[in-house]
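Colleague: Listed here are the chains, written in short residue letters.
Protein chains: 2
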Amino acid sequence: MAQTHALQALVEALKGLPGVGSKSASRMAYHLLQHDRQAATVLAAALTQAVRDVRHCSQCHTFTELEVCETCSDALRDGGQLCVVETPADQSAIERTGTYKGHYFVLMGKLSPLDGVGPKDIGLLKLKQRVQLGTVREVILATNFTAEGEATAHVISEMLRAFGIRVSRLARGVPAGSELEYVDLGTIAHALVDRR
Amino acid sequence: MAQTHALQALVEALKGLPGVGSKSASRMAYHLLQHDRQAATVLAAALTQAVRDVRHCSQCHTFTELEVCETCSDALRDGGQLCVVETPADQSAIERTGTYKGHYFVLMGKLSPLDGVGPKDIGLLKLKQRVQLGTVREVILATNFTAEGEATAHVISEMLRAFGIRVSRLARGVPAGSELEYVDLGTIAHALVDRR
Chain A
1 MAQTHALQAL VEALKGLPGV GSKSASRMAY HLLQHDRQAA TVLAAALTQA
51 VRDVRHCSQC HTFTELEVCE TCSDALRDGG QLCVVETPAD QSAIERTGTY
101 KGHYFVLMGK LSPLDGVGPK DIGLLKLKQR VQLGTVREVI LATNFTAEGE
151 ATAHVISEML RAFGIRVSRL ARGVPAGSEL EYVDLGTIAH ALVDRR
Chain B
1001 MAQTHALQAL VEALKGLPGV GSKSASRMAY HLLQHDRQAA TVLAAALTQA
1051 VRDVRHCSQC HTFTELEVCE TCSDALRDGG QLCVVETPAD QSAIERTGTY
1101 KGHYFVLMGK LSPLDGVGPK DIGLLKLKQR VQLGTVREVI LATNFTAEGE
1151 ATAHVISEML RAFGIRVSRL ARGVPAGSEL EYVDLGTIAH ALVDRR
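Going down the list, the sequences are from chains A and B. According to the working numbering, the first sequence is numbered sequentially starting from 1. According to the working numbering, the second sequence is numbered sequentially starting from 1001.
None of these hints come from the bench; they were simulated from the model. There could be a bad hint or two in this list.
Said to hold, decoys possible - Derived pair list, reagent style DSS-like, types lysine-lysine, alpha-carbon separation capped at 25 Å:
id, chain 1, residue 1, chain 2, residue 2
1, B, Lys1101, B, Lys1128
2, B, Lys1023, A, Lys15
3, B, Lys1126, B, Lys1101
4, A, Lys101, A, Lys128
5, A, Lys23, B, Lys1128
6, B, Lys1015, A, Lys23
7, B, Lys1126, A, Lys15
8, A, Lys101, A, Lys126
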């Protein structure tokens, strides 16, 4: 088949999605054009809108369309507790347990020297400034229990040692080596209660 | 996380892609917004352009931006041979073998009564009209060697029996039960030469 320019461009663009290779991209393009052009149009609009509107909360760094996200501006939440997570997906997993009513700090990544991700890239300076304000009594480190997540937690706890606040880590109820996003909610709830 | 409206809409829209569930859609959305907004913008444009420009060739039904696709309008190709395939991907696989210089008819599907896909949905009426024009000497049935592909080939060969033209099937060099798109090119070339 002499592929059309527009189709080729679509297949190439779909390969920009994580976990999508040539074959998957072709299948997606054919499916959309043959069976669901409506979905393609909806996806195009959603992409455009998200790129335009979604930015980072000025306080916790999570994705939001506002200057300060709804979680950070919720007066009923306890500003004395700050839970540090790697991604919005991890934050979402903790929220769904319904057992945590403090604030969050979303790193939007993890320390990964091999990939060139250093303390600045995950906003540790900003985290330090947040703690320096004096309102935070306790920082709960809820990074993933992977090598990089553990290293990130270690670096943060070292950084916060000087401030004399409580720094806890999710309890080891979470199976080692796993990623928070995929752990069942009961285990996460248990780990929150047993934090050390 | 109180997900933003735009982010939620993007995750939902990504779930419209075949083979993408909730978790994958979330990961894709986070990846695009965090690491590659450029890719998101490119994808949105490619989707919009493809939906607007890509249509079906009036002769062979494959995807094209023209009224008649480049393959069908190529004067060097033999209009006496008509290779019937299920999808543009299958057509592409045959093209890449470099052993076929005739025309194509792309069904854009296969007979599948359980899914409500009948002869009309895969353009068999149009295929019949094409053969009735009298220019086609031979129809090569290159549908997949799956149950549905075999059934489709059988129905087409029955339909064309009255016209007294040669109707062949890709040789059994292609492993039974497999899909053309994933077969190595040598095997496809062999099957083309040995068609029965």
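Colleague: Kindly indicate which numbered hints from before are broken by the structure, ordering the numbers from low to high.
Modeller: 5, 7
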